[in-house]
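Please model the entire structure based on the sequences and the hints provided.
The listed protein sequences derive, respectively, from chains A and B.
Per my numbering, residue 104 is the first one in the first sequence, and the count goes up by one each step.
Per my numbering, residue 84 is the first one in the second sequence, and the count goes up by one each step.
Some hints here could point you the wrong way.
[Claimed, not checked] Stretch-level coverage of chain A by chain B, calculated; a stretch enters the list once three of its residues show a Cβ under 8 Å from a Cβ in chain B:
hint	segment
1	211-223
2	356-362
3	513-519
Just so you know, these hints were derived from the structure itself, not from any lab.
Treat the numbers as computed from the prediction; the structure is a model and nothing was measured.
Note that the Cβ used here is the ideal one computed from N, Cα and C, for glycine as well.
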Amino acid sequence: MIKLKKLLCISLTCVVLTGLIGCGKSETVTKSTDINIKFFSNLPDRATGQGKLEQTLIDSYIKDNPNVKVTVEALQDAPYKQKFTTYAASNGIPDLFMVWGQPSFLAPIMKNGYVAELNANDFKDYGFLNGSLDGFSTNGKLYGLPRNTDFMVLYYNKALFEKYGVKLPTTYEDIVEAAKTFRKNDISPIAINGKDKYTMSLMYQDLLLKESGDQKLMPAALKDTTKFTTDPLFAKAAEDVKALTDVKGFQDSFVTADYGAANNLFAQGKAAMYYMGSWEVGMDLNKDFSDEFKKNVDVIKFPAPSTGKGKDTDLVAWNGGGYAVSANSKVKDESIKLLKYMMKPENWAKLGWQSGAVVPAQKYDQYLTGKESNLQKKLTEILSTSTSISGVAWDDALTPDFKTNSENLSQEFFAGFKTPKQFLEEAAKAAENAAENVNK
Amino acid sequence: MQKSNLLHQVQCRSQIFCIRFNAEVKSFCIRFIGKGDFMHALFKDKKTIFLLVFPGLLVFLYAVFLPIVLSGYFGMTEWSGIGKPVFIGLENFKNLIFNDSTFITSLRNSLVLGLALICIQHPLCLGAAIMIDKIGGKLEKVFRAIFFIPCVISVIVTSKMWVQIYDSQYGLLNKILDMFHLGFLKQEWLANPKLVLGSLFVIIMWQGFGWGMLIYYAGIKGISEDVYEAAQIDGAGAAQVFKSITFPLLKPVIKINITLAMISAFKQMEVIYLTTNGGPGNASQFIANYLYIKAFNSYQYGYGNAISILFVIVCIFVTIILNKIIKKDVIEY
Numbered sequence: 104m105i106k107l108k109k110l111l112c113i114s115l116t117c118v119v120l121t122g123l124i125g126c127g128k129s130e131t132v133t134k135s136t137d138i139n140i141k142f143f144s145n146l147p148d149r150a151t152g153q154g155k156l157e158q159t160l161i162d163s164y165i166k167d168n169p170n171v172k173v174t175v176e177a178l179q180d181a182p183y184k185q186k187f188t189t190y191a192a193s194n195g196i197p198d199l200f201m202v203w204g205q206p207s208f209l210a211p212i213m214k215n216g217y218v219a220e221l222n223a224n225d226f227k228d229y230g231f232l233n234g235s236l237d238g239f240s241t242n243g244k245l246y247g248l249p250r251n252t253d254f255m256v257l258y259y260n261k262a263l264f265e266k267y268g269v270k271l272p273t274t275y276e277d278i279v280e281a282a283k284t285f286r287k288n289d290i291s292p293i294a295i296n297g298k299d300k301y302t303m304s305l306m307y308q309d310l311l312l313k314e315s316g317d318q319k320l321m322p323a324a325l326k327d328t329t330k331f332t333t334d335p336l337f338a339k340a341a342e343d344v345k346a347l348t349d350v351k352g353f354q355d356s357f358v359t360a361d362y363g364a365a366n367n368l369f370a371q372g373k374a375a376m377y378y379m380g381s382w383e384v385g386m387d388l389n390k391d392f393s394d395e396f397k398k399n400v401d402v403i404k405f406p407a408p409s410t411g412k413g414k415d416t417d418l419v420a421w422n423g424g425g426y427a428v429s430a431n432s433k434v435k436d437e438s439i440k441l442l443k444y445m446m447k448p449e450n451w452a453k454l455g456w457q458s459g460a461v462v463p464a465q466k467y468d469q470y471l472t473g474k475e476s477n478l479q480k481k482l483t484e485i486l487s488t489s490t491s492i493s494g495v496a497w498d499d500a501l502t503p504d505f506k507t508n509s510e511n512l513s514q515e516f517f518a519g520f521k522t523p524k525q526f527l528e529e530a531a532k533a534a535e536n537a538a539e540n541v542n543k
Numbered sequence: 084m085q086k087s088n089l090l091h092q093v094q095c096r097s098q099i100f101c102i103r104f105n106a107e108v109k110s111f112c113i114r115f116i117g118k119g120d121f122m123h124a125l126f127k128d129k130k131t132i133f134l135l136v137f138p139g140l141l142v143f144l145y146a147v148f149l150p151i152v153l154s155g156y157f158g159m160t161e162w163s164g165i166g167k168p169v170f171i172g173l174e175n176f177k178n179l180i181f182n183d184s185t186f187i188t189s190l191r192n193s194l195v196l197g198l199a200l201i202c203i204q205h206p207l208c209l210g211a212a213i214m215i216d217k218i219g220g221k222l223e224k225v226f227r228a229i230f231f232i233p234c235v236i237s238v239i240v241t242s243k244m245w246v247q248i249y250d251s252q253y254g255l256l257n258k259i260l261d262m263f264h265l266g267f268l269k270q271e272w273l274a275n276p277k278l279v280l281g282s283l284f285v286i287i288m289w290q291g292f293g294w295g296m297l298i299y300y301a302g303i304k305g306i307s308e309d310v311y312e313a314a315q316i317d318g319a320g321a322a323q324v325f326k327s328i329t330f331p332l333l334k335p336v337i338k339i340n341i342t343l344a345m346i347s348a349f350k351q352m353e354v355i356y357l358t359t360n361g362g363p364g365n366a367s368q369f370i371a372n373y374l375y376i377k378a379f380n381s382y383q384y385g386y387g388n389a390i391s392i393l394f395v396i397v398c399i400f401v402t403i404i405l406n407k408i409i410k411k412d413v414i415e416y
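If you want it as structure tokens, here you go:
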């Protein structure tokens with residue numbers, strides 16, 4: 104009987120032990136002479152577009168430096184941000200990582216000393232556009248490099264405009280008129296990714312800019328939040344939005360459409376226009392889209408209202424994505440070397456532009472080949488003829504929580520759940536709360 | 084996203100396993116040892132009790148209790164996940180209860196979902212379980228499998244499928260309404276704040292239907308045939324059989340199912356995240372999803388932790404109330 108008792112005890116212990124052993128982690132052994140750089144990216148698609156560009160540059164760097172090993176971990180934006188904070192909390196930030204050069208993402212990271220300072224002089228000859236490094240710097244110190252220039256434009260489908268005899272919009276009112284005609288013909292006027300929310304915040308800023316012609320108005324309002332409710336230009340821009348949503352200017356159920364759905368609607372020729380950023384530059388080269396669509400897709404600047412003080416050459420533009428190096432990295436110098444190599448004008452800017460994957464944050468006119476696609480040419484023209492640039496968009500200008508709240512508000516406003524007045528009042532309140540937190 | 088579903092499966096499986104294991108041990112002891120004395124002595128020995136309980140207790144402390152305590156601490160801090168947490172006492176909880184309308188909306192939505200599951204889904208589950216039991220033969224197996232299919236498919240797949248069905252332009256639902264000349268009934272199913280909850284409830288009920296049904300079905304199979312035969316001989320009708328036999332004998336199962344339904348309503352995250360993400364605005368916001376948004380989009384980990392603590396408290400509270408309502412009147416026969 105005692106034997107059996109022992110047996111029971113032993114077998115139970117075994118069960119527990121095997122369970123615990125299962126929790127162990129296997130570790131790969133690397134040679135000490137090897138330099139292993141952990142690279143954290145938000146581009147999981149390594150076969151096309153920017154992801155391919157990133158991978159190509161990493162591969163060619165490894166080829167030149169056989170002692171270097173680069174381990175890439177790539178996740179989509181949302182999980183990327185989530186895992187990044189986990190890494191930050193556990194002090195295990197990868198050596199070289201993607202960052203968004205916006206206070207809503209980068210400010211707390213810079214403030215808490217997680218990123219290594221870069222020597223600004225090293226990048227003098229890299230041809231970064233004026234102001235493009237601002238979002239990646241604090242107190243005059245540089246902490247990261249931008250990889251592309253983003254700006255909001257209006258894509259449209261030539262064939263649909265011709266078919267229904269709609270004239271190409273030159274003013275904002277034209278868009279509202281066009282929307283009415285397209286609605287009558289069962290075509291969605293403008294495709295927008297309302298579930299992702301940020302595009303609507305951007306569109307509001309775009310309209311405010313075009314009503315006021317003043318790039319400093321929005322940043323000023325974020326500091327002095329009474330402007331939201333007292334400055335008539337804010338109300339006017341909000342009324343412009345309402346004019347468009349009143350005629351159902353966006354596709355049905357646009358608040359449930361994510362990026363893929365909006366993009367698809369436009370590419371299927373079911374929507375006449377598409378409000379999106381310059382990162383869609385590769386649309387007329389995309390193998391997945393029909394030839395007919397690719398022939399008909401074109402782009403214009405987002406037009407200004409006829410009474411507006413702004414011009415359509417005033418752009419909502421910023422330098423979003425980029426890279427930074429971890430301050431606590433064991434291979435900091437090597438990581439900076441790799442970053443320098445990747446961002447060399449003849450690497451990122453040239454290869455990126457010529458493959459149609461990006462509009463670089465660096466000067467790229469020396470790399471124009473003359474064989475650019477229509478969208479590439481037009482977007483270059485829009486950027487090079489722009490009269491002013493906004494920098495960081497308003498939803499990204501304060502805290503992460505302000506981003507959530509302001510974008511949520513924009514969605515509710517565009518969807519018609521909030522009146523222009525409510526929208527502005529609540530936006531002012533959200534900005535006020537956020538400003539308090541920033542000062543803390 | 085899959086986690087809570089998986090957890091649920093694991094819980095169910097481990098419960099079933101425990102029951103089976105207990106029975107096995109008992110029968111083993113009875114068959115080979117023949118005497119109850121040994122087991123009695125064994126289980127009375129404190130060392131054995133300790134050995135048997137300790138591993139489980141350890142896992143519980145480490146995986147359940149410790150995180151809750153940590154969560155409680157972080158809930159009293161202001162922390163962005165980056166840098167050091169700042170202790171601010173009960174500020175977060177105060178804000179949550181008195182100033183955060185979104186939290187109240189999501190709490191209300193979760194409660195409504197729980198009630199909807201109990202009042203709509205579960206009667207249907209029970210009905211389906213009884214019908215499947217009555218059909219018998221090969222068809223019984225076929226229907227059982229069909230009803231259970233949605234539970235086997237990944238939540239991501241089914242959620243995305245429903246998003247497609249509800250799509251107001253290409254969606255199957257609106258197309259079908261058109262086909263039957265019911266175009267006036269067409270809706271923006273997930274974009275209309277008045278309809279979005281209903282539309283989501285349909286998805287959630289459809290997905291959870293198989294589990295509820297399976298547990299009822301198992302309960303029904305557990306009721307001895309003899310009782311039914313006796314009732315038949317006494318000349319009881321179908322309604323009377325249900326009222327006087329099936330329902331009372333199923334009470335323990337119903338109790339479990341209702342508690343599970345309420346908990347799953349509070350834990351509901353994956354379907355919401357994958358379909359509307361709480362939108363439009365916050366019309367379809369649920370506690371678990373709101374917690375996620377606060378912690379991972381707004382980087383307010385302190386606040387997110389405070390939500391999770393309130394979430395635990397509400398769950399415990401609701402479970403207690405439910406247990407009070409459904410008294411423990413298990414019938415022995």
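Verification of the hints:
{"no.": "1", "hint": "211-223", "result": "holds (count 5)"}
{"no.": "2", "hint": "356-362", "result": "holds (count 4)"}
{"no.": "3", "hint": "513-519", "result": "holds (count 3)"}
Violated hints: none; the structure is consistent with every hint.
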